[in-house]
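A.B. asks: These protein sequence lines map, in sequence, to chains A and B.
In case it helps, the numbering used here puts the first sequence at residues 1 to 316.
In case it helps, the numbering used here puts the second sequence at residues 317 to 663.
Keep in mind that a hint or two might mislead.
Derived, one-sided and incomplete: chain B residues facing chain A with beta-carbon distance under 10 Å [said to hold, decoys possible]:
hint: 1; residue: G373
hint: 2; residue: E471
hint: 3; residue: M484
hint: 4; residue: E513
Calculated from the structure, these hints are not laboratory results.
Because the structure is a prediction, the values reported are computed rather than measured.
Ideal Cβ positions, reconstructed from N, Cα and C, are used throughout, including at glycine.
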Amino acid sequence: MARFIVRRTISAIALLLATSFLVFSFFELIPNYNPARAIAGRNANQTTVDQVAKKFDLDKPFYVQYVHTMKLIFTGQVIDYQNDLNVVDQFKTRFPVTLSLVVPAAMIWLVVSILLGSISALRVGRLTDRLVMVGAIVGVSVPIFLLAALLLYLFAYKLTWFPNTGYTHFGDSPTQWAYHLILPWISIAVLSIGFYSRVLRSNLLDTVNQDYVRTARAKGLSQRRVFRRYVLRNSLMPIVTLFGLDFALLLGGAALVTETVFNLPGIGQFEASAIGNLDVPPILVGAIFTAFFVVLFSAITDVLYAVLDPRVRLTG
Amino acid sequence: MAERLLDVEDLQVAFATEDGLVRAVDGVSFTLDRGEVVAIVGESGSGKSVTAMTLMGLTRGPNSRFGGSARLHGEELITASEDKLQRIRGEEIAMIFQDPISSLSPVHRIGDQIVEQIRAHEKISKAAALDRTVQLMERVGIPRAADRARAYPHEFSGGMRQRAMIAMALSLSPGVLIADEPTTALDVTIQAQILEEIRTLSRESDSGVIFVTHDLGVVADIADRVVVMYSGRVVEQGTLNEIFYDPQHPYTWGLLGSVTRMDREPPHRLPAIPGQPPSLVNAPTGCHFRPRCPHAFDKCGEVPPLESHVNDDPGHLDRCWLDVAEKRTRREVEDGRIGLKANSVAA
């Protein structure tokens with residue numbers, strides 16, 4: 001275990017550095033990319049632009065800039081070009097919003113897809129199964145921006161069951177917090193529900209035919225127990241892998257469409273505007289942030305795998 | 317007469333598939349008494365495993381069709397409710413499966429898997445069930461059973477896994493033990509030990525054993541009576557001696573003829589029964605063995621009944637239209653050697 005942690009940590013650091021360097025390099029390739037001009041503003045004259053470039057070290061070679069920026073990031077001093085605000089501080093205030101959006105949505109999609117996948121597999125070939133699977137295909141196929149807009153139009157604008165947009169802190173009012181987030185949760189969860197329930201259904205149908213399931217039935221266990229303890233348990237392994245990655249990406253800002261449509265001040269929304277403005281520091285921090293979660297959750301997934309399946313050995 | 321455990325009469329099992337109705341079992345009858353070992357012999361696809369699993373209700377499903385009857389202590393199993401079967405499974409009929417690695421759950425400890433079975437049928441504490449599990453594991457020859465009960469199947473060797481399966485099957489002293497090719501996946505040396513184990517333990521607990529196999533060597537070793545299956549039907553049944561020394565059905569001759577014998581001059585080639593078993597969707601009319609049988613004649617277009625032909629012995633039955641005297645001359649391919657004549661097979 002100790003060896004596993006050490007090896008994973010080393011490779012994580014390497015991966016984070018590589019990611020940040022790659023992302024930083026991409027901006028060198030963009031034609032007419034001039035951050036100094038972007039910072040100085042549309043009406044600035046050349047002298048001002050040069051001053052800005054000097055101030056932000058933008059006149060130095062790009063690898064020097066990279067080292068410089070990374071130093072600023074890891075000392076928490078990096079500021080963005082758009083608003084002149086500290087990027088790390090903005091991440092700190094925005095991350096709770098993303099957490100509020102992603103964690104409950106993830107719980108919803110896990111529970112619902114396990115339910116739907118199980119129902120579908122237990123009723124395989126019947127009407128229930130077909131309806132669930134058609135629903136799942138629709139869920140996977142609807143683009144999030146469309147779904148989010150539809151939900152907003154229908155439930156917030158037409159029926160006015162839910163507030164239009166915006167965010168209330170959990171600390172201020174947990175009910176308002178949930179009230180504002182229900183539609184965003186649904187719009188994130190639907191895609192994964194569709195995908196996960198289909199994957200789970202096919203895993204379940206494979207597992208049902210395993211010899212050890214037949215043994216479990218031959219022991220005289222109830223059908224419910226056979227399903228829960230043998231079929232479902234062994235079918236959840238691939239779901240664990242999917243979930244680790246999806247969850248990590250969403251925490252890292254991949255919920256940007258939902259955050260933008262519902263005007264939630266989370267990481268994704270911040271990243272979306274940073275990308276629109278070619279604002280390198282937040283993009284760089286965002287990339288490192290996402291890579292961090294991906295590495296973290298792939299390690300957690302591996303540990304979970306070893307816990308769930310005694311045949312798995314942890315290797316770095 | 318020993319107590320009758322199982323009475324199977326004209327059992328039929330069919331599965332609806334896209335290609336049509338697969339008649340996996342089509343007229344199987346046999347009985348099992350306390351203390352005896354009945355071997356069901358046949359090649360792959362002859363319906364022997366389906367027969368065994370049907371007795372436990374393991375072939376039930378939306379596409380399965382059943383006919384005939386199978387009674388345990390006089391109680392019908394084929395139409396029994398799922399609740400009733402659930403109680404019977406593991407407690408009155410237990411099964412040892414072919415491949416012990418895939419038949420044990422890879423993610424649960426061996427001991428827990430046995431404890432679970434005990435606790436599904438008896439209201440006893442986990443600790444008490446575990447005690448009994450360890451005793452059972454010791455009884456089937458697993459060393460350091462108390463430690464090994466905490467191990468997972470992948471930490472066991474093949475032979476030890478099969479011993480664990482046997483311990484599991486015996487955990488509630490079932491009257492009927494079904495062993496479905498329990499030694500096929502094992503080394504020959506381990507195979508002999510496992511056979512010995514099954515024989516001793518069934519004798520100790522005075523249960524009846526149904527031993528499903530395609531290996532006549534194993535049959536000779538363990539069986540009291542033999543049921544020979546071909547293409548979903550019982551073609552012959554009798555005591556071990558009757559089947560080995562006075563076989564009545566040409567398929568049985570073919571089976572016996574294709575066994576390697578160490579006590580005789582080897583033939584140039586090991587005789588095989590020519591042709592393939594028929595499809596279970598479009599089986600031939602009449603005797604299913606007819607297309608491969610060199611002795612087939614007009615009458616074989618009708619299904620021969622499973623009847624006694626030898627001295628009216630009610631235990632020795634076969635499905636063949638030939639008369640006994642003719643069978644006895646036809647089955648001798650050379651002096652004292654039983655087989656299926658290979659030269660006169662119609663293509």
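A.B. asks: Do the numbers back the hint for B/E471, that is, is its least Cβ distance to chain A under 10 Å?
C.D. replies: At about 8 Å, which falls below the 10 Å cut-off, the nearest Cβ of chain A leaves the hint on B/E471 intact, so it holds.
A.B. asks: Would the hint on B/G373 stand, with a C-beta cut-off of 10 Å toward chain A?
C.D. replies: Since chain A brings a Cβ to about 8 Å from B/G373, closer than 10 Å, the hint holds.
A.B. asks: When the nearest CB of chain A is found for B/M484, is that gap smaller than 10 Å?
C.D. replies: holds (7 Å)
A.B. asks: Are B/E513 and chain A close enough, Cβ to Cβ, to be under 10 Å, as the hint says?
C.D. replies: violated (18 Å)
Consistency with the previously given hints fails for number 4 only.
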